[in-house]
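Q: Protein chains in written order, with my numbering: chain Y, 14 to 156; chain Z, 14 to 156; chain F, 14 to 156; chain S, 14 to 156.
The set of hints was computed from the structure by calculation and includes no laboratory data. There could be a bad hint or two in this list.
Copies of the same chain look alike in the list, so a pair counts if it fits in one copy or across any two.
[Unchecked claim] Below, a list of computed lysine to any residue pairs in the SDA-like style, where the Cα atoms sit at most 20 Å apart: (1) K121 to R136; (2) K59 to R40; (3) K118 to R140; (4) K156 to V44; (5) K118 to E130; (6) K59 to P32; (7) K121 to E132; (8) K122 to E132; (9) K156 to R67; (10) K151 to D89; (11) K122 to F150; (12) K155 to S22; (13) K122 to G138.
Number of protein chains: 4
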Amino acid sequence: MDALEAMRSYIGKEFDRSPSPFMRWLRPVVVSVEKGSLEFKYVIRKEWLNPMDRLHGGVTAAIVDDVLGATMFSLDEPFHYTTINNTIDYFSVAQENDEITAKTKIIKKGRQFIHAECEIWGRNGTRLIARGTSNLFKTQIKK
Amino acid sequence: MDALEAMRSYIGKEFDRSPSPFMRWLRPVVVSVEKGSLEFKYVIRKEWLNPMDRLHGGVTAAIVDDVLGATMFSLDEPFHYTTINNTIDYFSVAQENDEITAKTKIIKKGRQFIHAECEIWGRNGTRLIARGTSNLFKTQIKK
Amino acid sequence: MDALEAMRSYIGKEFDRSPSPFMRWLRPVVVSVEKGSLEFKYVIRKEWLNPMDRLHGGVTAAIVDDVLGATMFSLDEPFHYTTINNTIDYFSVAQENDEITAKTKIIKKGRQFIHAECEIWGRNGTRLIARGTSNLFKTQIKK
Amino acid sequence: MDALEAMRSYIGKEFDRSPSPFMRWLRPVVVSVEKGSLEFKYVIRKEWLNPMDRLHGGVTAAIVDDVLGATMFSLDEPFHYTTINNTIDYFSVAQENDEITAKTKIIKKGRQFIHAECEIWGRNGTRLIARGTSNLFKTQIKK
Numbered sequence: 014m015d016a017l018e019a020m021r022s023y024i025g026k027e028f029d030r031s032p033s034p035f036m037r038w039l040r041p042v043v044v045s046v047e048k049g050s051l052e053f054k055y056v057i058r059k060e061w062l063n064p065m066d067r068l069h070g071g072v073t074a075a076i077v078d079d080v081l082g083a084t085m086f087s088l089d090e091p092f093h094y095t096t097i098n099n100t101i102d103y104f105s106v107a108q109e110n111d112e113i114t115a116k117t118k119i120i121k122k123g124r125q126f127i128h129a130e131c132e133i134w135g136r137n138g139t140r141l142i143a144r145g146t147s148n149l150f151k152t153q154i155k156k
Numbered sequence: 014m015d016a017l018e019a020m021r022s023y024i025g026k027e028f029d030r031s032p033s034p035f036m037r038w039l040r041p042v043v044v045s046v047e048k049g050s051l052e053f054k055y056v057i058r059k060e061w062l063n064p065m066d067r068l069h070g071g072v073t074a075a076i077v078d079d080v081l082g083a084t085m086f087s088l089d090e091p092f093h094y095t096t097i098n099n100t101i102d103y104f105s106v107a108q109e110n111d112e113i114t115a116k117t118k119i120i121k122k123g124r125q126f127i128h129a130e131c132e133i134w135g136r137n138g139t140r141l142i143a144r145g146t147s148n149l150f151k152t153q154i155k156k
Numbered sequence: 014m015d016a017l018e019a020m021r022s023y024i025g026k027e028f029d030r031s032p033s034p035f036m037r038w039l040r041p042v043v044v045s046v047e048k049g050s051l052e053f054k055y056v057i058r059k060e061w062l063n064p065m066d067r068l069h070g071g072v073t074a075a076i077v078d079d080v081l082g083a084t085m086f087s088l089d090e091p092f093h094y095t096t097i098n099n100t101i102d103y104f105s106v107a108q109e110n111d112e113i114t115a116k117t118k119i120i121k122k123g124r125q126f127i128h129a130e131c132e133i134w135g136r137n138g139t140r141l142i143a144r145g146t147s148n149l150f151k152t153q154i155k156k
Numbered sequence: 014m015d016a017l018e019a020m021r022s023y024i025g026k027e028f029d030r031s032p033s034p035f036m037r038w039l040r041p042v043v044v045s046v047e048k049g050s051l052e053f054k055y056v057i058r059k060e061w062l063n064p065m066d067r068l069h070g071g072v073t074a075a076i077v078d079d080v081l082g083a084t085m086f087s088l089d090e091p092f093h094y095t096t097i098n099n100t101i102d103y104f105s106v107a108q109e110n111d112e113i114t115a116k117t118k119i120i121k122k123g124r125q126f127i128h129a130e131c132e133i134w135g136r137n138g139t140r141l142i143a144r145g146t147s148n149l150f151k152t153q154i155k156k
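Bound conformation, chain Y alone:
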């Protein structure tokens, strides 16, 4: 089973067999899986909060980076991608027990580089909490 199919088998469930220990800590529930476009949802836990009891920007950034990395796996290419950089812009707050959704898409796929975007939505997809992008580079490391 390739990575795309493996992720698809978790639709509606927590992706608790991710090969990434940190992704397992984030406990994403897989909502949809397309080649180059994922949708994962998360419940904000107490340990994700900042000193003002809102979703910590560091966790938002971590989710953005993580789900963009998973988006590269969804391409089912033989080589690993490495992240060159992330940018994250913050727009709204969220609170403990809120459900948030991360949605990714590929903006540009070149021969060696991919530029991809991740939006983090709250309130059932009606409030944009943050948006991030990454540039990723195709390594020569085989999966």
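Chains Z, F and S: place on chain Y using the hints.
A: Leaving out everything else, chains Z, F and S in the frame of chain Y:
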């Protein structure tokens, strides 16, 4: 005791009474505390790893965001700062049990905005793992 | 006549009465003007080239910043916006005499901040050359 | 004469034989040239202004991108570097006829990627106007 003094009282120790639940999860040990410049160190735990068993970029990004936020507290100003954006550039890998250090400084402090930088170093400060910056905005929310 | 109407009066023509000397140097032709979304086109001139005779990234960045600023004018708000930061990601090259198009949209409009995006397209809108975003802050400077 | 020596021969003079048409338009005066670190100065011209008669952020961004590209030439390596992305953060304004200085340095040089920074200073190096960074990739295109 102001926030600067509170952080200084943890020099050499884990900052386990941070008001931020997520910072407590990161378990920083306070190395040095100056107004506008912090140094925290961390030990890479298993749950911080990516699928290739290296430090997950999302955790690096989270640390950058977190310690830049703490740097605002070190200013002992009456108002909260909110993060507008982060950028993180990745340079090197690190592994489980490695010790990494985050060092921050303020690049520009204006009347309403602060631009600050955080470097993540490994191998006893000889290898730059990542570097991030944030733009932060002084809110009217009192601490 | 408000700024939106003023820009609309240039549709199909060079915006040669822009209040911005640098925008006049870029010689945009106005393609479409909506509140919060502009489309301008440009012809790549010899003085816009890099040492390899391709469109210089600095000119691309300048166009991104300029047309995002103009997008703020299209909102017809009483106050000026100032740019906090730009990010620009580069994907493809372009050459002298090529026509390129800049298309903007607002991603998030808050009370004090706007996050907006600009794409630069070549080959009749079929090749994404670059994409940039800005965070802009509503000042108290009246227009 | 290699590129480093060629740039050095312009110290104190306008770099009017740059191989880049756009750099020639910017009319930098070379202040100092080291391997991986340049200092260029510029006089703000009327055509560089925004609608408020201040230095246009797009010109600042263009200078950042341009002088970071020139910094790659100063390395005297056999291959061209291409810019993956720029980030520019804006801090202060400047006016017509002001002299501004761009100073670059390399933050991290890897086998394939370079991360470099450019600061734009005004008022004789006492006011930070803007700061930018780029990730650059070593191509296989020979110079």
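Q: Take the hints in turn and mark each one as holding or not.
A: Results for each hint:
Taking the shortest Cα distances, K121 and R136 sit within 20 Å of each other only across copies (15 Å), while inside one copy they are farther apart (29 Å). In this assembly of identical chains, the alpha carbons of K59 and R40 lie at most 20 Å apart whether taken from the same copy (14 Å) or from different copies (15 Å). Taking the closest pair of Cα atoms, K118 and R140 come within 20 Å of each other both inside a single copy (18 Å) and across two copies (17 Å). For the identical chains of this complex, K156 and V44 are neighbours neither inside a copy (25 Å) nor across copies (38 Å), given an alpha-carbon limit of 20 Å.
Proximity of K118 and E130 under a CA criterion of 20 Å is satisfied in both settings, with 5 Å inside one chain copy and 16 Å between copies. Taking the shortest alpha-carbon separations for K59 and P32, only the inter-copy value of 12 Å comes in at or below 20 Å, while the best intra-copy value is 24 Å. Proximity of K121 to E132 under the C-alpha cut-off of 20 Å is found in both arrangements, the shortest distances being 16 Å within a copy and 12 Å between copies. For the identical chains of this complex, K122 and E132 are neighbours both inside a copy (18 Å) and across copies (15 Å), given an alpha-carbon limit of 20 Å.
Taking CA atoms no more than 20 Å apart as the test, K156 paired with R67 passes between copies only; the shortest distance there is 15 Å, against 37 Å inside one copy. In this homomeric assembly, K151 and D89 come within 20 Å of each other (Cα to Cα) only inside a single copy, at 12 Å, whereas the closest approach across copies is 26 Å. In this assembly of identical chains, the alpha carbons of K122 and F150 lie at most 20 Å apart whether taken from the same copy (10 Å) or from different copies (16 Å). For the identical chains of this complex, K155 and S22 are neighbours neither inside a copy (23 Å) nor across copies (47 Å), given an alpha-carbon limit of 20 Å.
When the C-alpha separation of K122 and G138 is checked against a cutoff of 20 Å, the pair qualifies only between copies, where the shortest distance is 16 Å, while the shortest distance within a copy is 26 Å.
Hint compliance for this structure: hints 4 and 12 are broken, all remaining hints hold.
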